[in-house]
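Participant: Here is what each chain is made of, one letter per residue.
Number of protein chains: 2
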Amino acid sequence: MKRVGFTLKVRADKLDEYKKHHQQVWPEMLDALRETGWHNYSLFLRNDGVLFGYFETPHSLEQAQSLMAEKEINTKWQEFMAPFFDANARPDEMFLELEEVFHLA
Amino acid sequence: MKRVGFTLKVRADKLDEYKKHHQQVWPEMLDALRETGWHNYSLFLRNDGVLFGYFETPHSLEQAQSLMAEKEINTKWQEFMAPFFDANARPDEMFLELEEVFHLA
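As you go down the protein sequences, you meet chains A and B in turn.
Note that my numbering numbers the first sequence so that position 29 is 29, with each residue one more than the last.
Note that my numbering numbers the second sequence so that position 75 is 1075, with each residue one more than the last.
Don't read these hints as lab results, they were simulated from the structure.
A few of these clues could be false.
[To be verified] Now the in silico label distances, taken between C-beta atoms and shown as ranges:
| hint | chain 1 | residue 1 | chain 2 | residue 2 | range |
| --- | --- | --- | --- | --- | --- |
| 1 | A | Arg-90 | B | Trp-1026 | 22 to 32 Å |
| 2 | B | Asp-1031 | A | Lys-2 | 48 to 58 Å |
| 3 | A | Asn-47 | B | Ala-1089 | 18 to 28 Å |
| 4 | B | Ala-1069 | A | Glu-99 | 35 to 45 Å |
| 5 | A | Glu-70 | B | Ala-1069 | 26 to 36 Å |
| 6 | B | Asp-1092 | A | Lys-19 | 38 to 48 Å |
| 7 | B | Asp-1031 | A | Glu-28 | 37 to 47 Å |
| 8 | A | Glu-35 | B | Ala-1087 | 40 to 50 Å |
Each residue gets a CB set at the ideal place from its N, CA and C atoms; glycine is no exception.
Based on the sequences and whatever the hints tell you, model everything.
Facilitator: Okay, structure coming up:
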């Protein structure tokens, strides 16, 4: 398993709503994530909107994203989430991967 | 196990040296982390110095930090790491805990 860390920036005026939606992510979206190798996946939010994602996967971030990109439910979820981010791109196209500089099992 | 996410800011002019030291963290420091409940612990670095930490613990972040604060080797490590951060405090006193807003096992 590879450990992946990434950041993303949620609009500061929409944090509460973003959090609410993530307490009730569509079951079909969760299934799609599981099927495409997104394991032990957490999202952490700083109070200015900086979002940090962590997950474990047999793939790379790029591969795990490509597999999700083939899922119709993901297209719908990304369209639903787009207004929570400042950009024209889909949220899942703006992930900035971070370098793992330390790990202790 | 609780999942903990936190951020910290490394001096942008010292990233290479910071990374080098984290490839060879003192074995006694790693032992102290293990003994005080820091499991599956990763540090991820953004190229501007924003550091994101993730670990799993039977404790809270505060408790896990208190247990480490009792370890002499941690005092030495934090003093060694202090020049890599912009502040007067010890690095481990500047951890900003993030809120977990989503988790998929």
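Participant: Hint by hint, say whether it matches the structure.
Facilitator: Comparing the hints with the structure gives:
1. Arg-90(A) with Trp-1026(B): 22 to 32 Å: For Trp-1026(B) against Arg-90(A), whose Cβ atoms are near 43 Å apart, the range 22 to 32 Å is violated.
2. Asp-1031(B) with Lys-2(A): 48 to 58 Å: violated (26 Å)
3. Asn-47(A) with Ala-1089(B): 18 to 28 Å: holds (20 Å)
4. Ala-1069(B) with Glu-99(A): 35 to 45 Å: violated (28 Å)
5. Glu-70(A) with Ala-1069(B): 26 to 36 Å: violated (48 Å)
6. Asp-1092(B) with Lys-19(A): 38 to 48 Å: violated (28 Å)
7. Asp-1031(B) with Glu-28(A): 37 to 47 Å: holds (45 Å)
8. Glu-35(A) with Ala-1087(B): 40 to 50 Å: holds (44 Å)
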